[in-house]
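Chemist: Take a look at the letters that make up each chain.
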Amino acid sequence: MNQNVILGVVNVVLVFLLSPLLEGTLRKLKAFVHSRVGPPVYQPYLDLLKLLGKEEVECEGTVLFRWSPVVALAAVLSVALLTPVGLVPPLDAAGEVIVFVYLITLSGVAVMASGIGSGSPYGIVGSAREMMLILTVEPVLAIALITVAVKAGSMKFSDILAYQTSHPYSLSMVLVTFSLFMAVLAQLAKLPFDIVEAETEIMEGPFIEQSGPRLALFKWSFYAKELIFASLLATIFFPWPRISEPVLTVVVHLLKIVLLLLIVGVIDAVNPRLRIDQAIRFYGALIFVAFAGLAFAIVGS
Amino acid sequence: MHSTGYCQALEKAAEIEVPPRARFIRTIILELERIHSHLLWLGIAGHIIGFDTILMQAWRIREPVMWLAEEITGNRKLYGMNIVGGVRRDIPAELHPKILEVMDHVEKETRAVLNAVVDDSTIRMRLEGVGKVPNEEAIAHSILGPSARGSGVAIDIRADHPYAAYAETGVNVIVETGEDIWARTVVRIKETLESIRIVRDALAMMPRGPIQAVIDKPIPPGRVACSSVEAPRGETHHFVITSEEPRPYRWKARAPTFQNLQVVPLAILNETIADVPITLGSFDPCFSCTERVEAVDVRNGQLKVYSKRELEELSRALTRRLRGR
Chain A
1 MNQNVILGVV NVVLVFLLSP LLEGTLRKLK AFVHSRVGPP VYQPYLDLLK
51 LLGKEEVECE GTVLFRWSPV VALAAVLSVA LLTPVGLVPP LDAAGEVIVF
101 VYLITLSGVA VMASGIGSGS PYGIVGSARE MMLILTVEPV LAIALITVAV
151 KAGSMKFSDI LAYQTSHPYS LSMVLVTFSL FMAVLAQLAK LPFDIVEAET
201 EIMEGPFIEQ SGPRLALFKW SFYAKELIFA SLLATIFFPW PRISEPVLTV
251 VVHLLKIVLL LLIVGVIDAV NPRLRIDQAI RFYGALIFVA FAGLAFAIVG
301 S
Chain B
1001 MHSTGYCQAL EKAAEIEVPP RARFIRTIIL ELERIHSHLL WLGIAGHIIG
1051 FDTILMQAWR IREPVMWLAE EITGNRKLYG MNIVGGVRRD IPAELHPKIL
1101 EVMDHVEKET RAVLNAVVDD STIRMRLEGV GKVPNEEAIA HSILGPSARG
1151 SGVAIDIRAD HPYAAYAETG VNVIVETGED IWARTVVRIK ETLESIRIVR
1201 DALAMMPRGP IQAVIDKPIP PGRVACSSVE APRGETHHFV ITSEEPRPYR
1251 WKARAPTFQN LQVVPLAILN ETIADVPITL GSFDPCFSCT ERVEAVDVRN
1301 GQLKVYSKRE LEELSRALTR RLRGR
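Chains A and B are the protein sequences, given in the same order. Residues in the first sequence are numbered consecutively from 1, following my numbering. Residues in the second sequence are numbered consecutively from 1001, following my numbering.
Take the hints with a grain of salt, since some may be wrong.
Unchecked claim - Calculated pairs, DSBU-like style, for lysine-lysine (alpha carbon to alpha carbon, straight line, at most 35 Å):
1. B/1132 - B/1012
2. B/1108 - A/28
3. A/30 - B/1308
4. B/1012 - A/30
5. B/1217 - B/1098
6. B/1108 - A/30
7. B/1077 - B/1252
8. B/1108 - B/1077
9. A/28 - B/1012
10. B/1190 - B/1217
11. A/28 - B/1252
12. A/30 - B/1098
13. B/1012 - A/190
14. A/156 - A/50
Because the hints were derived from the structure by calculation, they are not lab data.
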């Protein structure tokens, strides 16, 4: 138990410190697709430092506006306690899957609260979009995770992981992995689902009034989310290659994370932004794909 | 483009015959301007719908055209090429291979972009059936240029009232009947390709001879003339009355944006917020060309239109206040 707590803390610190580097890599990739040189990979660290050093600018914001960045980052870092980044899930307790879904939703709710709290019309439009997205994307995420839980017969990530590394890949897994991957695109606010911020439409929506350290916290929560989701996909949904050597596993895991994020990055670079109604129609259809996966898992294929 | 319009109006007023070579050079410069303007627009349209790859690639393709313009005229933009009675610089024979090479390059890459855009279902989801301007509305509002041609109105000053060397090169007017943003996009990309064709043909047909007319007598005062030029955004008109002094008595330019903006409320009717920026952008607006500022008092709905003098006064008052601080 004690060892688990240490592992958990290490996990959170790693996610906290490494995630800007991944974001920097993604920016380089995007620059490559754009035929640009792009900023150095450590640019996100500089951005965050710069923002953290600025004075806080108050708007007519409410408590919601002031505290939402803290809630967003706290929620995402708590998720880092649960997600297996590397070998084993750090905090191993019953019902982790449900807590995961709750905490990820909380970070989305924090974004929504920031927009509503800012009182800006752009922020409110952004929040409305975030709400619509949460309502359609969260079910896909939840169903995908419940499907693996059903297959493993447990809500614990360690059991799921053990099941995944010892059982062959099945049809239900293909379906839910696809749905989860698409849901992750919206979770990470990547194109074509960069609808909540939509710089050229509603000028970053919920973040329009956020600046300085508070904006830094929001940005950091997004970077951490990238790492966490890539890690979740890499460990649970793409369990190959199955290696028993611990050091090699970590290396392979990191490579898988980078590879997955590169795919996300390429999709982000070659797509325009969809309208919210188009996105909702897409995720509405995706829920049925996820449900099909769940049904297959229940009948055992 | 505006300088061509102004010079043509004055030449018409003073009955100055422009040498053929100068007319061809004007055509080449006008078409280079259209190529880079349309590529610029394509990039911005991509950016508005969040597709920054289009923005970066379109502007990368555009850059050699700017370099070429700099080599020919000395400037990347605002070429300063026209004078009354001809052009300021010749296009020497040594530059011809360079121009053709850049045209080949731009054509190849523009075709690649066209294919990529046509095959992209997500782009078409955003642009097709959005920002509709029906044909009869386009005619009723007299919208111009690619915006009109995307609604199936085949108007193009270059073909309808040829100037410079367009009578010799000919112009295929690109018309699409989609009436939506997608149609306006396709019109602009295809026009870029047509412009490349015109530059090539103009270069091949360009006769030898002087590039400036000899003007041996003063321009007679009180003459009135009007000239029209097809700018990348649509037709532009210049109206000139000559005077005894070495400057016009009256000069009025009409750019196409103000005309095109009249149809925007119709095009965004019943659309979502997400579609408004790209719908407005699809008319390639130049807001500085509209020379009109309107303020609406939301409390009582009163409308105030600011004149140029009032705007200047406001700016001066602001400067005074800032200095006083």
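Chemist: So which hints don't hold here, by number, going up?
Modeler: 1, 3, 4, 5, 9, 10, 11, 13 and 14
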